[in-house]
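Peer 1: One-letter residues, chain by chain:
Number of protein chains: 2
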Amino acid sequence: MLSFEILSQDQRARTGLLVTPHGAIETPSFVAVGTQATVKALSVADLHKVGSQVIIANTYHLHLQPGEELIEKMGGLHRFMGWDAPLITDSGGFQIFSHGAGKEHGVGKIAPIFPEEQDRARHLSSRKQKPLVKVNEDGVEFISYLDGSRHQFTPEGVIAMERKLGADIILVLDECTSPLHDYDYTKTAMERTHRWAVRALEEFLHHSDNKQALFGIVQGGAFQDLRKESATFTAEKAFDGYAIGGSLGGSTEEMHQVLEWTIPLLPQDRPRHLLGIGEIENIFEVVKRGIDLFDCAAPTRMARTGTMFVRDADRFRIHILNAQFRDDPRPVDQACDCYVCSNYSRAYLRHLFAAKELAAFRLASIHNIHFLESLMRRIRTAIKEERLSHLESNWFSPK
Amino acid sequence: MLSFEILSQDQRARTGLLVTPHGAIETPSFVAVGTQATVKALSVADLHKVGSQVIIANTYHLHLQPGEELIEKMGGLHRFMGWDAPLITDSGGFQIFSHGAGKEHGVGKIAPIFPEEQDRARHLSSRKQKPLVKVNEDGVEFISYLDGSRHQFTPEGVIAMERKLGADIILVLDECTSPLHDYDYTKTAMERTHRWAVRALEEFLHHSDNKQALFGIVQGGAFQDLRKESATFTAEKAFDGYAIGGSLGGSTEEMHQVLEWTIPLLPQDRPRHLLGIGEIENIFEVVKRGIDLFDCAAPTRMARTGTMFVRDADRFRIHILNAQFRDDPRPVDQACDCYVCSNYSRAYLRHLFAAKELAAFRLASIHNIHFLESLMRRIRTAIKEERLSHLESNWFSPK
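Protein sequences appear in the order of chains A and B. Just so it is clear: in the first sequence, position 239 is 294 by the working numbering, and no numbers are missing. Just so it is clear: in the second sequence, position 41 is 96 by the working numbering, and no numbers are missing.
Next up, chain A with everything else stripped away, as it sits in the complex (with noise of 0.2 Å):
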């Protein structure tokens, strides 16, 4: 079960509480992403350390390893994991799409279209012998990236695979089409969607013991019509919740544009969550358009090659490794109070991406979280005191 109250609201941008069976979380809300059952490089007590409050793990990458059967077993997971605290499920659709068409065109969800790295990437795939993914009306078959073993998902066995993980809230099977899809190709593909979407929501209705919430997801590309159509056939749906997936166009404004088209078609007493998205340029617009919960793998992925959050630098970004930083003393952002810039300098965070040491990914993710989740509290400030506008104009311009 799932209760969502709105407490405030600026403009379209709302604050609310999403409460689940393993606590509330405060929205709008980042989620973690924790594919494998960890967010990678952390614990959960550092994820509570910096105010994470909700993580989203991957059924298709826990179906593979180590299997929804064997995490049943050992208590589902958040106690497989260690984290009492709200988690969500991701269906796999988009690892569908990214071993599948994302691979094939060699593109993501917002895709800056290299025509190089596209020909590169069919040219790679036509030589293939045998697709990875094959989609069909019962659902999807793919073969394993681990170990070339055959899977079939269904909208009705995700929602099986789902229930052993016991997330508080799961999504359905969707596909995921890739921004190089055509139209056509693209209203098949959400049609399909809707039909599997359909599936699922019986099959999770049949069997609901009412501890999990079920998201529906809007599909449509960066076509207006098919976003719109799919938007009213969703909502009309009764899912405790909305997520907007697929593609999202070859550019930031698209995305707006998809949001634009989208969210105003969702009920507005229910959550709504924007699936893979969440660079630190992207979360005011996203915000401002009311969206309640955004997942994004890029603050820890950047961590790991020593890409760091900072207030007064190019796109918030420093890259730790730069020769500048080799004997700069300060903290990587001179206002954050994380475990990390409390207690070590530039050098020494370079040093230690210099020499491999393992440490380095652990703190630059602490960092990099922590940054992002006081950026959220003070947007959720801001909303509360409807002045989210003045905090944005000031983040872009710092003193």
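To be clear, the hints were calculated from the coordinates, so they are not data collected in a lab. Values in this document were obtained by computation on a predicted structure and should not be read as measured data. Hints are not guaranteed to be accurate.
One copy or two, it doesn't matter: identical chains are merged, so the pair holds either way.
[Said to hold, decoys possible] In silico SDA-like pairs for lysine to any residue, Cα to Cα no more than 25 Å straight-line:
hint	residue 1	residue 2
1	K411	D139
2	K104	Y394
3	K104	N398
4	K283	R67
5	K95	A409
Let chain A serve as the given structure and place chain B on it in line with the hints.
Peer 2: Frame of chain A, contents of chain B only:
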């Protein structure tokens, strides 16, 4: 400055309090290995939590990267790495060995001798254009493993570097011979190490500000007369403490012999550090012979391969990737109260290692060091209560 007070004795084992400018160490104590100014995969907060009292870093590695000048500029090694507790720097003698004769001979400090491996190592080494390491009377020349640059370490130069690093306890430059070096070479190297020790001590006393303590190093391989000669020679010099270094023979039994020959000749009232030894099986034997400090990279190195300490298993360790732990809901060690054993199952840790997740390395390292530090606390208590042999027999025959 260093003060050392012996608090209790049980046969030849003893507890003591070693007071440094950055705090006191209760001895006998494990010394965590922080070669590159970090104990691999851990933060200093982790180390405080598991009960680590002292870290040993390495002058050789820190000279090559990031350089002692930089560390001095950043406020010294304590401040650079955020460790406001006792700190030792090793001189680099062992690294000169391991990149030189150790590599050529294909052996470590205690070398179970596998003839094939040595043949292979000799073969590889004979194909090299030039040796990585050249030892002469003045000191040692070597080529950086990082960038091929040439470096020279002299006894005086190493003291100057260690002064810049600023550890509480520093070690003289020695030549660490291989278990495969013959009597004549071992004697020649030992005599040179003695001359270096005199030079290092002179350099140290010339500039000493009384904030650092200098330890001499006993050499002599696994040869009784050489070890006795080296212990006698070193003991006569005004060192603040005494380390036992170099080759310790071809077996644990030979290592015990070396301790039997050496320790009775060292001053009773000064601390004794056994360099590079501390496998869980060795600890009682070493402490019983009067060792006060020992450092060993094995607990953290084993952790990173998934080998974790447990009380009731063969050789006190399990390999967590073994299939039997796949669905094992128990903590790694039943009696352990570390963060890992309090929060995670063997099944989860196995999953993290199987999925190659970064968190695995840290969690396993936390457990192994906590396990070892708990054993050390029990050993210190047992010595105070004069029941060390009782604890030992109990430890080796768990119910």
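Peer 1: Does each hint fit the structure? Answer for all of them.
Peer 2: Status of each hint after checking the structure:
Taking the shortest alpha-carbon separations for K411 and D139, only the inter-copy value of 23 Å comes in at or below 25 Å, while the best intra-copy value is 33 Å. Taking the shortest alpha-carbon separations for K104 and Y394, both the intra-copy value of 9 Å and the inter-copy value of 15 Å come in at or below 25 Å. Taking the shortest Cα distances, K104 and N398 sit within 25 Å of each other both inside one copy (15 Å) and across copies (16 Å). With identical chains, the CA atoms of K283 and R67 are at most 25 Å apart within one copy only, with a shortest distance of 18 Å there and 82 Å across copies.
With identical chains, the CA atoms of K95 and A409 are at most 25 Å apart both within one copy (20 Å) and between copies (14 Å).
No hint from the list above goes unmet by this structure.
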